[in-house]
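Asks: Given next are the chains, with one letter for each unit.
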Amino acid sequence: MDAAFFTAWIDEIARAVTAGRERLTRLDAAIGDADHGANLDRGFTAVREALAAKPPATPGAVLTLAGTTLIRKVGGASGPLYGTALRQMGAALGSAPEVTAGELAAALEAGVAGVRKLGGAEEGDKTMVDALAPAARALTAAVAGGLKDGEALAAARAAAEEGARTAVPLQARKGRASYLGERSAGHEDPGAASTVLILTALHTTATR
Amino acid sequence: MDAAFFTAWIDEIARAVTAGRERLTRLDAAIGDADHGANLDRGFTAVREALAAKPPATPGAVLTLAGTTLIRKVGGASGPLYGTALRQMGAALGSAPEVTAGELAAALEAGVAGVRKLGGAEEGDKTMVDALAPAARALTAAVAGGLKDGEALAAARAAAEEGARTAVPLQARKGRASYLGERSAGHEDPGAASTVLILTALHTTATR
Amino acid sequence: MKKLINTAESMVTDALAGMAAAHPGLRVDAGNRVVYRRSAPERGKVGLVSGGGSGHEPLHGGFVGYGMLDAACPGEVFTSPVPDQVIEATKGVDGGAGVLHIVKNYTGDVLNFEMAAELCAEERLEVATVLVNDDVAVKDSLYTAGRRGTGATVFVEKIAGALAEAGASLAEVAKVGEEVNARSRSFGVALTSCTVPAAGKPTFELEESEIELGIGIHGEPGRTRAPAAPARDLARAAVDALHDDMPLSGDTLVMVNGMGGTPLIELYVVYAEVAARLREKGATPARSLVGNYITSLDMQGFSVTVCRLTDELTRLWDAPVETPALRWGR
Amino acid sequence: MKKLINTAESMVTDALAGMAAAHPGLRVDAGNRVVYRRSAPERGKVGLVSGGGSGHEPLHGGFVGYGMLDAACPGEVFTSPVPDQVIEATKGVDGGAGVLHIVKNYTGDVLNFEMAAELCAEERLEVATVLVNDDVAVKDSLYTAGRRGTGATVFVEKIAGALAEAGASLAEVAKVGEEVNARSRSFGVALTSCTVPAAGKPTFELEESEIELGIGIHGEPGRTRAPAAPARDLARAAVDALHDDMPLSGDTLVMVNGMGGTPLIELYVVYAEVAARLREKGATPARSLVGNYITSLDMQGFSVTVCRLTDELTRLWDAPVETPALRWGR
Ligand SMILES: Nc1ncnc2c1ncn2[C@@H]1O[C@H](COP(=O)(O)OP(=O)(O)O)[C@@H](O)[C@H]1O
Ligand SMILES: Nc1ncnc2c1ncn2[C@@H]1O[C@H](COP(=O)(O)OP(=O)(O)O)[C@@H](O)[C@H]1O
Ligand SMILES: [Mg+2]
Ligand SMILES: [Mg+2]
Ligand SMILES: [Mg+2]
Ligand SMILES: [Mg+2]
Chain A
1 MDAAFFTAWI
11 DEIARAVTAG
21 RERLTRLDAA
31 IGDADHGANL
41 DRGFTAVREA
51 LAAKPPATPG
61 AVLTLAGTTL
71 IRKVGGASGP
81 LYGTALRQMG
91 AALGSAPEVT
101 AGELAAALEA
111 GVAGVRKLGG
121 AEEGDKTMVD
131 ALAPAARALT
141 AAVAGGLKDG
151 EALAAARAAA
161 EEGARTAVPL
171 QARKGRASYL
181 GERSAGHEDP
191 GAASTVLILT
201 ALHTTATR
Chain B
1001 MDAAFFTAWI
1011 DEIARAVTAG
1021 RERLTRLDAA
1031 IGDADHGANL
1041 DRGFTAVREA
1051 LAAKPPATPG
1061 AVLTLAGTTL
1071 IRKVGGASGP
1081 LYGTALRQMG
1091 AALGSAPEVT
1101 AGELAAALEA
1111 GVAGVRKLGG
1121 AEEGDKTMVD
1131 ALAPAARALT
1141 AAVAGGLKDG
1151 EALAAARAAA
1161 EEGARTAVPL
1171 QARKGRASYL
1181 GERSAGHEDP
1191 GAASTVLILT
1201 ALHTTATR
Chain C
2001 MKKLINTAES
2011 MVTDALAGMA
2021 AAHPGLRVDA
2031 GNRVVYRRSA
2041 PERGKVGLVS
2051 GGGSGHEPLH
2061 GGFVGYGMLD
2071 AACPGEVFTS
2081 PVPDQVIEAT
2091 KGVDGGAGVL
2101 HIVKNYTGDV
2111 LNFEMAAELC
2121 AEERLEVATV
2131 LVNDDVAVKD
2141 SLYTAGRRGT
2151 GATVFVEKIA
2161 GALAEAGASL
2171 AEVAKVGEEV
2181 NARSRSFGVA
2191 LTSCTVPAAG
2201 KPTFELEESE
2211 IELGIGIHGE
2221 PGRTRAPAAP
2231 ARDLARAAVD
2241 ALHDDMPLSG
2251 DTLVMVNGMG
2261 GTPLIELYVV
2271 YAEVAARLRE
2281 KGATPARSLV
2291 GNYITSLDMQ
2301 GFSVTVCRLT
2311 DELTRLWDAP
2321 VETPALRWGR
Chain D
3001 MKKLINTAES
3011 MVTDALAGMA
3021 AAHPGLRVDA
3031 GNRVVYRRSA
3041 PERGKVGLVS
3051 GGGSGHEPLH
3061 GGFVGYGMLD
3071 AACPGEVFTS
3081 PVPDQVIEAT
3091 KGVDGGAGVL
3101 HIVKNYTGDV
3111 LNFEMAAELC
3121 AEERLEVATV
3131 LVNDDVAVKD
3141 SLYTAGRRGT
3151 GATVFVEKIA
3161 GALAEAGASL
3171 AEVAKVGEEV
3181 NARSRSFGVA
3191 LTSCTVPAAG
3201 KPTFELEESE
3211 IELGIGIHGE
3221 PGRTRAPAAP
3231 ARDLARAAVD
3241 ALHDDMPLSG
3251 DTLVMVNGMG
3261 GTPLIELYVV
3271 YAEVAARLRE
3281 KGATPARSLV
3291 GNYITSLDMQ
3301 GFSVTVCRLT
3311 DELTRLWDAP
3321 VETPALRWGR
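From first to last, the protein sequence lines stand for chains A, B, C and D.
The first sequence runs 1 to 208 under our numbering.
The second sequence runs 1001 to 1208 under our numbering.
The third sequence runs 2001 to 2330 under our numbering.
The fourth sequence runs 3001 to 3330 under our numbering.
Among the hints, erroneous ones may be present.
Unchecked claim - Some chain D residues well away from chain A (every beta-carbon gap over 12 angstroms; in silico): (1) E3009; (2) A3020; (3) G3075; (4) E3076; (5) Y3106; (6) E3126; (7) L3131; (8) G3146; (9) R3148; (10) A3229; (11) A3286; (12) W3317.
As the list claims (entries may be wrong) - Each computed DSS-like pair below joins lysine-lysine, with the alpha-carbon atoms no more than 25 angstroms apart: (13) C:K2002 - D:K3175; (14) D:K3091 - D:K3175; (15) C:K2201 - D:K3175; (16) B:K1117 - C:K2002; (17) D:K3091 - C:K2201.
The hints are simulated quantities; they were obtained by calculation from the structure and are not laboratory data.
Cβ coordinates follow ideal geometry from the N, Cα and C atoms, glycine included.
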């Protein structure tokens, strides 16, 4: 997977986020402040523009620029968190012109670690980590198990979906939703939902 | 008709205004500021209390106290206008312990003149004058025509009703409704509507 | 209807208790319903009294204090005060130099203040009256009760108050009040109706895509209903309506006023457009107010008031003022 | 949704243009989205920077000026600013005595300010941070992101600003900010939701007879939904919630804050009840603010914030301040 692949992934995320903007906002309205859709739409649109303005040559550079742009343009909780995830992935991929699914899996693990460290959320706290962490685990396992790229990324996507679903009945312990106490239970976390979009975009890009 | 009769009239107005409060407010909401019902309800409740606290001995004293109380308690346009009408009526009736329908008719004419002078409205301006003036005229004519009290007051009431109805299609030229220009046409004037309640109360009191 | 009230009947009294508790510079006579500045009456100073229906807060009680009003008479919601209140206030602020009544041009306000002024005259109190009628949405003709008094009231109270504070005579204070009124124009736009507590439901209904142009401050419907539009278009329509009525040029004092339910961020959006449009017309927004100054309960919307300044008016506007809602210089 | 905006996307930028036009005492860097006091940076003075999502006006831009903030960084509506803004503002107000960041405790605000502070430290800028977390509706436990920062932010900005103006060191200014926060508690009640412009519809729906207790300032649903009740009951519930968390006594600074869509007359009704309840609890409302200070767009509702004063805090509260939204003593 080269720089063009990762640029295409970002494009696909931007498209999915614009299409899913209302849904993300609706989820955030239920247990947050109704801006998650607007935040990510603004952010990934800016990332797409940044990549188009100065196309980076390596996968690592694509993700680093994407992460930096999110941090610079989004604000809120999701801006620094997704920004950090992408920057950590970029750093993990280094300056290689092409990366394997195994390298991508390791990078994703690094991204999850970055989010964990920055936000302090564990799995089960009903945040994006509930979708991100299982996705990274699934990708690592699938690659280790010898699955083809497309299948491995399908497994990651499925794990993210499953993680987001599993978090629905939970009570939030991080982020804005935690203020609702028990009232947060029964709702899908918007950050977990956007993580699903991001992992779905990765699979779509790989199998196109 | 003695002081007790006029006190009973006020009681009946107070009852009718409380019962009609929402309707008067609705009419005022359409072409005014939605307070006419509350204004008159507050006013006539205060009048009833004032009369109960210190029952006046003559019809003139009842109406003068009623008018003064309205001026002191209502505010807005209708407070001074109805207050003046009743005070002028009281002054016209003087200190006689009993008054005839003819004297009442003359007093009502004096009341209308007071409203006209204070507010500057003519018939056709779509105000309470459109109901008050024809009522006074009808009462005078009925008495001159030799009708019995009840019938004369029925004629006054009917004239008020007819006056209020006739004003519906007109464009207001006085009071708040005038600000609406053509949009005031087609609505019943709240002050004309309350005048109908007041004349109806007079007829009811006389025929009870 | 949900409101932060105990009962609709006690709302005005309850709010007066709150003002009394919140503002040590005020003295509130709850029985007579008059809000005084604590120092009233001030010997030798012209007293300024205003009043009107409640529901327009901070007008008028919030403008009582040094450099502005000496007393305010709040009526019931959207109902002018009764003469007794005005008489009481006039007596309470009379420091021997006469008292100015600042009255918004509505039939009810005019009648009640007139009655009070007559009774004050009988008691040999010197009273002059400034009638504020700045709203260009209503034509001043035989076919109306005249123009409504709206935003310019704030300017008249501030500037006349400053002149009174400087020791001017009643005639001078009345004259500057009239001058401010003559040089000021207003226009209002509603996005929603307001809800009068005693009525319990919105005064009028607007569709999601409708607004009212040319509204007053009592929740009365405006002159025309129009489709909702961007802030830029509404600000332009307002400024253009003012300019058509009184060509604007030179230094102006500009108020973008919220109707009570409009967030401040939106008023700043409107102000940016109003200031830009004024410049296009050749006028300079030299002084400004952006916020809730003369409201209509919970109505969403705004009004624009512009006063063509003179050096003297600018000086009086800049003079110190210390009231709950307007304060600078002390 | 009807709003006085041009587009949801341009709302914050457009409002900044309005602030720039309305307030000559401010300098607005529209490109970087920073509102400065015109005199920034002030040599030798500790600089104060705050910021957060937009939609809370006048917070924070309306509190920039003498005796309060040196700069404010407005984010998108309900979205904390990005680190670049905070870095730019910090550099822009640094007068050599260090810079205090006043941050409301929300994950987004904390993360973005933290990132900015780290990068400032790398550039050898001395930065300290006061985290405001005064909202008693949220328990500060392992199971939450901690208490939210709400009304006390206004107190922290005013009092820390006064101490900075007096020439105190960064450590001293930070310490007093922390002290104010530690001595302050808030509780909020919503009668209606707000509508985020980019979302286009109300964040939550309430029935005609329902309210939300324990809300924050982002239109998030509260802790519990309850039947609508008279102002007296709501004011008591709020004061009691504060008192349960931090027993109130002695002189207090009390803010009854409107959420943006609440008329001032209703806030005075609430203030009367709040002041009465405080006295019942043995506390004295010695200083007060009644009005819109930290809002949630067009939400109807109120919040109560109480700070237990010391003589020193009272003195700093009374010190002169000159900002668009809070001004006295000059
Ligand atoms: N401490 C945290 N760790 C991980 N993710 C978090 C944390 N706090 C919030 N989030 C995620 O951020 C999402 C909200 O993002 P967004 O709405 O854009 O920001 P904000 O909460 O500042 O409005 C939540 O749904 C959650 O998934
Ligand atoms: N100049 C006037 N002359 C006669 N009646 C008037 C005049 N102005 C207003 N009215 C009457 O007063 C009524 C409104 O009374 P009310 O609603 O109580 O006062 P306000 O208009 O001050 O709110 C109108 O419907 C009209 O009949
Ligand atoms: Mg959010
Ligand atoms: Mg009326
Ligand atoms: Mg009225
Ligand atoms: Mg947010």
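Asks: Run every hint past the structure and note whether it holds.
Replies: Hints versus structure:
Some Cβ of chain A comes within 12 angstroms of the Cβ of E3009 of chain D; the nearest lies about 8 angstroms off, and the non-interface call is violated. Once the 12 angstroms rule is applied to beta carbons, A3020 of chain D is consistent with being away from chain A; the minimum gap is 21 angstroms. Non-interface call for G3075 of chain D relative to chain A: violated, since the shortest CB-CB distance, roughly 4 angstroms, does not exceed 12 angstroms. Distance to chain A contradicts E3076 of chain D as a non-interface residue, since its nearest Cβ pair spans about 6 angstroms, not more than 12 angstroms.
At the 12 angstroms boundary, the C-beta of Y3106 of chain D falls inside the reach of chain A, the nearest C-beta of that chain being 7 angstroms off. The non-interface label for E3126 of chain D is consistent with chain A: the shortest C-beta to C-beta separation is roughly 23 angstroms, beyond 12 angstroms. Look at L3131 of chain D: its CB is around 15 angstroms from the nearest CB on chain A, clear of 12 angstroms, so calling it non-interface holds up. Its closest Cβ contact with chain A, about 9 angstroms, brings G3146 of chain D to no more than 12 angstroms, contrary to its assignment away from the interface.
At the 12 angstroms boundary, the C-beta of R3148 of chain D falls inside the reach of chain A, the nearest C-beta of that chain being 6 angstroms off. In this structure A3229 of chain D is separated from chain A by more than 12 angstroms, as the shortest Cβ-Cβ distance comes to about 20 angstroms. Every C-beta of chain A lies more than 12 angstroms from that of A3286 of chain D, the closest at about 31 angstroms, which supports listing it as non-interface. Against chain A, the non-interface label of W3317 of chain D holds: every CB pair exceeds 12 angstroms, the least being about 29 angstroms.
The straight-line distance between the Cα atoms of K2002 of chain C and K3175 of chain D is roughly 41 angstroms, outside the 25 angstroms bound, and the hint therefore fails. Annotation: proposed proximity of K3091 of chain D to K3175 of chain D holds, straight-line Cα distance about 22 angstroms (limit 25 angstroms). Of the pairs offered as hints, the one joining K2201 of chain C and K3175 of chain D is violated, with about 50 angstroms between alpha carbons and a cut-off of 25 angstroms exceeded. With a C-alpha separation of about 41 angstroms, the suggested pairing of K1117 of chain B with K2002 of chain C is violated against the 25 angstroms cut-off.
Taking the CA atoms of K3091 of chain D and K2201 of chain C, the gap is near 52 angstroms; set against the 25 angstroms cutoff, the hint is violated.
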